[in-house]
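Counting along the sequence shown from 1, when you hit position 63 you're at 64 in this note's numbering, and nothing is skipped either side.
Read the hints as simulated data drawn from the structure, not as lab findings. There may be inaccurate statements among the hints.
As the list claims (entries may be wrong) - Okay, the calculated beta carbon distance ranges per label pair:
no. : residue 1 : residue 2 : range
1   : S148      : G85       : 20 to 26 angstroms
2   : T43       : E166      : 18 to 24 angstroms
3   : L67       : T172      : 20 to 26 angstroms
4   : R142      : N178      : 19 to 25 angstroms
5   : K123      : S155      : 30 to 36 angstroms
6   : T107      : S38       : 31 to 37 angstroms
What the hints assert, rightly or not - Cut-off 30 angstroms, straight-line C-alpha distance, at most; resulting in silico cross-link-like pairs (DSBU-like, lysine-lysine):
no. : residue 1 : residue 2
7   : K123      : K58
8   : K103      : K159
9   : K135      : K159
10  : K108      : K123
11  : K108      : K58
12  : K58       : K103
13  : K103      : K137
14  : K135      : K123
15  : K137      : K159
16  : K123      : K137
17  : K108      : K159
18  : K103      : K135
19  : K103      : K123
20  : K135      : K58
Think of the CB as a built atom: it goes at the ideal place given N, C-alpha and C, for glycine as much as any other residue.
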Amino acid sequence: CLLPPRVTSLQELKSSSSKKGKKASSPLAAVAQLAHSQLSATSTAVIDGFLSAEQLKNIRREIAQLEPQYETGEIWVGKDAGAGAQISVASVRGDRVLWVDKEALTKGPFHALREAVRSIDKLVVSELSRRTPKLKHVNERSDPMLSIYPGRGSRFQKHVDNTAEDGRVLTVLCYLNEKW
Numbered sequence: 002c003l004l005p006p007r008v009t010s011l012q013e014l015k016s017s018s019s020k021k022g023k024k025a026s027s028p029l030a031a032v033a034q035l036a037h038s039q040l041s042a043t044s045t046a047v048i049d050g051f052l053s054a055e056q057l058k059n060i061r062r063e064i065a066q067l068e069p070q071y072e073t074g075e076i077w078v079g080k081d082a083g084a085g086a087q088i089s090v091a092s093v094r095g096d097r098v099l100w101v102d103k104e105a106l107t108k109g110p111f112h113a114l115r116e117a118v119r120s121i122d123k124l125v126v127s128e129l130s131r132r133t134p135k136l137k138h139v140n141e142r143s144d145p146m147l148s149i150y151p152g153r154g155s156r157f158q159k160h161v162d163n164t165a166e167d168g169r170v171l172t173v174l175c176y177l178n179e180k181w
């Protein structure tokens, strides 16, 4: 299995920039440039340390209260978006999910999650979209989806997002696992 090369972490770039006396605003642009290079070469990019351990801890604490509201993950079965069904198949997708709509994200008690989503939006919409031709028209995102994989072999098998071709061009995953 060949994994994509890792992009230097945002924390490493911040540390490197401050040691070299560079402006604090450049680390995100540097991460975006590295991510762009990886996306162009392999259609994937990994950014370790984009969020700090403290930010991740705060997000986990905020979303823990929502766990009873998560629902069993479902897959779409059908040739296109107009004909098919949502079904639960644990051997294919064993997660539990919760979509966080715009109102809940902006008005709910989710300060850390809201800040993380803003940071990701800034990376994708403000930085990556200027560098990556396939992303040049990206100016918004869908609602964030939270997923829990409860163990016992749970997984989401390799798949293609957006077989319906509804305009989505990038999927961003942000792992909140401690010690990931």
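Restraint check for K135 with K159, where alpha carbons must lie at most 30 angstroms apart:
Holds - the C-alpha atoms of K159 and K135 are around 22 angstroms apart, at most 30 angstroms.
Per the hint of 30 to 36 angstroms, is the separation of the Cβ atoms of K123 and S155 within bounds?
Hint holds: Cβ distance 32 angstroms, inside 30 to 36 angstroms.
Mind checking the hinted window 20 to 26 angstroms against the Cβ distance between S148 and G85?
21 angstroms, holds
Keeping to a limit of 30 angstroms between CA atoms, is the pair of K103 and K137 held or broken?
23 angstroms, holds
Looking only at beta-carbon atoms, does the pair T107, S38 fall within the given range of 31 to 37 angstroms?
33 angstroms, holds
Would you check the hint for K108 and K159, treating anything up to 30 angstroms between C-alpha atoms as holding?
34 angstroms, violated
Proposed proximity, K58 with K135 (alpha carbon, max 30 angstroms):
Judged against 30 angstroms, a Cα distance of about 33 angstroms means the pair is violated.
Verify the proposed pairing of K123 with K58, using a straight-line Cα cut of 30 angstroms.
21 angstroms, holds
What's the verdict on K103 and K123, does the C-alpha distance respect the 30 angstroms limit or exceed it?
With Cα atoms ~16 angstroms apart, K103 and K123 stay inside 30 angstroms; holds.
Is K58 close enough to K103, meaning Cα to Cα at most 30 angstroms?
Holds, at about 22 angstroms.
Under the criterion that the straight-line Cα-Cα distance not exceed 30 angstroms, is the pair K108, K123 satisfied?
20 angstroms, holds
Pair hint K108 and K58, alpha-carbon separation not exceeding 30 angstroms:
Roughly 21 angstroms separates the two Cα atoms, so the pair holds.
In summary, the numbered hints that this structure violates are 17, 20.
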